[in-house]
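Student: Taken in sequence, the protein lines are chains A and B.
Mapping of the first sequence onto UniProt numbering: position 20 corresponds to residue 20, and the numbering continues sequentially without gaps.
Mapping of the second sequence onto UniProt numbering: position 62 corresponds to residue 62, and the numbering continues sequentially without gaps.
In short, the hints are calculated from the structure, not lab data.
As the structure is a computational prediction, the values presented were derived from the model and not from experiment.
We put the CB at the ideal spot given by N, CA and C, even for glycine.
Any given hint could turn out to be false.
What the hints assert, rightly or not - Distance windows between CB atoms, simulated:
| no. | chain 1 | residue 1 | chain 2 | residue 2 | range |
| --- | --- | --- | --- | --- | --- |
| 1 | B | LYS80 | A | ASP106 | 29 to 39 angstroms |
| 2 | B | PHE163 | A | GLU47 | 52 to 62 angstroms |
| 3 | B | GLU262 | A | SER95 | 46 to 56 angstroms |
| 4 | A | GLU77 | B | LYS182 | 23 to 33 angstroms |
| 5 | A | PHE94 | B | ALA189 | 55 to 65 angstroms |
| 6 | B | THR85 | A | SER95 | 23 to 33 angstroms |
| 7 | A | ALA71 | B | GLU186 | 42 to 52 angstroms |
| 8 | B | PRO288 | A | ALA18 | 46 to 56 angstroms |
| 9 | A | ASP70 | B | ARG285 | 49 to 59 angstroms |
| 10 | B | PHE163 | A | GLY110 | 32 to 42 angstroms |
| 11 | A | PHE94 | B | ALA101 | 24 to 34 angstroms |
| 12 | A | LEU56 | B | ARG168 | 55 to 65 angstroms |
Unchecked claim - Mimicking SDA-like on lysine to any residue, the simulated pairs with C-alpha atoms at most 20 angstroms apart in a straight line are:
| no. | chain 1 | residue 1 | chain 2 | residue 2 |
| --- | --- | --- | --- | --- |
| 13 | A | LYS143 | B | ASP278 |
| 14 | A | LYS144 | B | ASN306 |
| 15 | A | LYS38 | A | GLU63 |
Unchecked claim - Heads up, incomplete: computed chain B residues facing chain A, CB under 8 angstroms, no partners named:
| no. | residue |
| --- | --- |
| 16 | GLY220 |
| 17 | PRO240 |
| 18 | THR244 |
| 19 | THR263 |
| 20 | PHE265 |
| 21 | GLY273 |
One letter stands for each residue in the lines below.
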Amino acid sequence: MKKLVLAISLLSFAASTAFADTILDRQEYMKERGKLVKQMGQMAKGETDFDAAAVLTALKGLEANAEKFDAEAMFPEGSLEGDTTASPKIWEDFSGFKAAEEKYLDAVKGAVAAPPGDLDALKATMGTIGGECGACHKAYRIKKS
Amino acid sequence: MAWLKKLAGTAAVVVAGCAVAGWVLSAPVKLDRDTLAQLGPGDAAKGERIFNAGGCTSCHAKPGAKDDERLQLGGGLELKTAFGTFVAPNISQDENDGIGAWSIADFANAMLKGVGPSGENLYPAFPYPSYARMKPSDVADLYVFMQTLPAVSGKAPPHKLGFPFNIRRGVGLWKRLYLSDKPVIEFAAGTPDVVLAGRYLVEGPGHCGECHTPRDAGGGSRKGEWLAGAVAAEGEGIIPNITTGPGGIEDWSAADIASYLETGFTPDFDTVGGAMVDVQENMARLTPDDRAAIAAYLKAIPPHPNGYPARK
C-alpha cells in the first residue's frame with residue numbers, strides 16, 4: 001500500500017514537473033515579445049521620444065520572434081500542469097490556437113512592411129498588433145493563483 | 001396524548017407561519033413611485049456611455065461578434081457556474097424575443113431591482129446588484145440608447161439550473177441579504193470628485209466587483225474583500241486582485257491603469273486576456289476622463305491581499 005501511495009505521488013509529481021522546462025522556455029519566449037513591444041509602447045505613451053528606426057528594429061525583432069513559434073514543440077499535449085497560464089482550450093482547439101498565432105504573425109509582418117512614420121501611426125500599429133495579442137489571450141490563456 | 005396533539009398543532013402553526021413569512025419575504029420588490037419619477041425622458045447620446053461602461057455587449061452580443069454585430073444583442077452566451085448554466089437572454093429591440101415591448105419602468109425595475117416585466121425575480125448572473133447603485137436618469141438614458149439598436153429575432157435558450165436554484169422565488173430572499181443601492185466604499189468628506197466619479201462607474205454600471213470580488217457561501221459579494229480578486233465564478237482560473245494590496249496592482253500608477261483600460265497593455269506590455277478583453281474594449285470607448293476616474297478610485301480603495309487561495 002505504501003508503495004502504491006509512493007508510486008502515485010511520484011507520478012503526480014512527474015506530471016507537474018515533466019513540462020517545467022517547456023513552460024519556462026515558452027514564458028521566456030513570450031517575455032521577449034513583451035520587451036520588444038515595451039520599446040514601442042514607451043514611445044506611444046510619450047515616455048520616450050518617437051524614433052522610427054528604433055520602431056522598425058523592434059518590429060523586425062517581433063517578426064523574427066514570431067517566426068520561431070512552433071506550436072507543437074512549445075505547447076505539447078499535457079503541458080498545462082504546473083506554473084502556467086495556458087488554458088486547456090489550447091488543446092481542445094489546437095487548430096484555432098495556431099490560427100490565432102498566424103493572425104498575429106500576419107499583423108507583425110504587415111507592420112514591418114509598412115512601418116509607422118509618426119506617433120499616431122505607431123499608436124495604430126500598436127493597436128493592431130495588441131489586438132491580436134489580446135484575441136489569443138482571450139481564448140487561450142487563463143489566470144491562475 | 002393531548003400534549004402530542006398540542007405539539008403537532010404548534011408545529012403546524014410554526015411551519016405555516018414560516019411559509020407565509022418566506023412567501024412574503026421572497027416576493028419581488030419593484031421600484032417606488034419616487035424613483036420612477038426620477039427616470040426622466042432619457043438621452044440616447046448619454047446612454048451610449050452607460051452602455052459601454054456597462055459592457056452589455058460582453059454577455060448579450062452573440063459570442064464572437066465583431067464590429068457592428070456587437071450591437072446585435074441576441075444573447076446566447078452561456079455562463080457555466082456552480083449554480084448551473086445561465087444563458088444571457090436576448091435584450092435586443094425585438095418585441096417578442098427581446099425587450100422591445102418593455103416600458104421604461106419595466107427596464108428600470110430589471111436594472112435596479114432585478115425584477116422582470118411579469119414581476120418575476122431575475123437571477124443575479126445579470127449584475128443588477130451593481131446596477132442597483134445607478135442613477136435612475138442614467139438607466140433612462142441607457143433605455144433610450146438601446147431603443148436605437150437593432151431588433152434581433154430568436155429567443156436565447158432558458159437557463160439550465162438544478163434544484164433549488166431553479167426556484168426564482170428564492171432569489172427574493174437572496175436580494176433581502178445582498179441587494180443595496182448604497183455605495184460599497186465610504187469615503188471621507190473632501191474626497192476628490194474624480195474618485196467619487198470612479199466609484200460610481202466601478203461599483204455601478206461597470207459592475208467590476210461582480211467578478212473581482214470573492215463571494216460568500218450564499219453567493220453574495222464579500223464587501224470586506226472588495227475587488228481583492230476571486231476564483232472565477234464562471235469558467236476556470238482566477239480573476240486578479242485589483243486593489244493595491246499584496247498580489248494586486250500596487251506598482252501600477254493611476255496612469256498605468258487608465259492606459260491599460262484604453263490600450264489593453266499592462267505596464268510590462270503584457271496584454272489583457274480572458275473575459276477582460278471584451279471589458280477593456282468597451283472601456284476603450286469611454287472618455288479619458290472616465291478612465292482616469294476609474295483609475296483614481298482603484299488607487300483610493302482599501303488594499304486587500306488576494307481574495308483567492310494561493311496555488312498549492
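Student: Each hint: holds or not?
Tutor: Taking the hints in turn, this is what the structure says about them:
Range check, LYS80 of chain B to ASP106 of chain A: about 33 angstroms between beta-carbon atoms, so the 29 to 39 angstroms window is met. For PHE163 of chain B and GLU47 of chain A, the Cβ-Cβ distance of about 56 angstroms falls inside the hinted range of 52 to 62 angstroms, so the restraint holds. Look at GLU262 of chain B against SER95 of chain A: about 32 angstroms separates their beta carbons, and that is not inside 46 to 56 angstroms. Our hint of 23 to 33 angstroms for GLU77 of chain A and LYS182 of chain B is violated, since their Cβ atoms are close to 51 angstroms apart.
Between PHE94 of chain A and ALA189 of chain B the beta carbon distance is about 57 angstroms. The supplied range of 55 to 65 angstroms therefore holds. Roughly 26 angstroms separates the CB atoms of THR85 of chain B and SER95 of chain A, a value that falls within the hinted 23 to 33 angstroms. As the Cβ distance of ALA71 of chain A to GLU186 of chain B is approximately 50 angstroms, the hint placing it in 42 to 52 angstroms holds. For PRO288 of chain B paired with ALA18 of chain A, a C-beta distance near 48 angstroms keeps the hint of 46 to 56 angstroms intact.
Distance hint for ASP70 of chain A and ARG285 of chain B: a CB-CB separation of about 37 angstroms, inconsistent with the stated range 49 to 59 angstroms. In this structure the supplied range 32 to 42 angstroms is violated for PHE163 of chain B paired with GLY110 of chain A, their Cβ-Cβ distance being about 54 angstroms. In this structure the hint that PHE94 of chain A and ALA101 of chain B lie 24 to 34 angstroms apart at CB is violated, the actual value being about 45 angstroms. For LEU56 of chain A paired with ARG168 of chain B, a C-beta distance near 60 angstroms keeps the hint of 55 to 65 angstroms intact.
Straight-line distance between C-alpha atoms of LYS143 of chain A and ASP278 of chain B comes to about 16 angstroms, which keeps the hinted pair within the 20 angstroms bound. Under the criterion of a C-alpha separation no larger than 20 angstroms, the hint pairing LYS144 of chain A with ASN306 of chain B is consistent with the structure, at around 12 angstroms. With a C-alpha separation of about 15 angstroms, the suggested pair LYS38 of chain A and GLU63 of chain A falls inside the 20 angstroms cut-off, and the hint holds. This hint is violated: GLY220 of chain B has a C-beta 22 angstroms from the nearest C-beta of chain A, more than the 8 angstroms allowed.
Given hint, PRO240 of chain B at the interface with chain A, holds; its Cβ is 6 angstroms from that chain's nearest Cβ, closer than 8 angstroms. The beta carbon of THR244 of chain B comes no nearer than 18 angstroms to any beta carbon in chain A, farther than 8 angstroms, and the hint placing it at the interface is violated. At about 6 angstroms, the closest approach between the beta carbon of THR263 of chain B and any beta carbon in chain A falls short of 8 angstroms, and the interface hint on this residue holds. Contact between PHE265 of chain B and chain A, as hinted, is supported at the beta carbon level, the nearest pair being about 6 angstroms apart and thus within 8 angstroms.
Proximity of GLY273 of chain B to chain A holds as hinted, the smallest CB-CB distance being about 3 angstroms (cut-off 8 angstroms).
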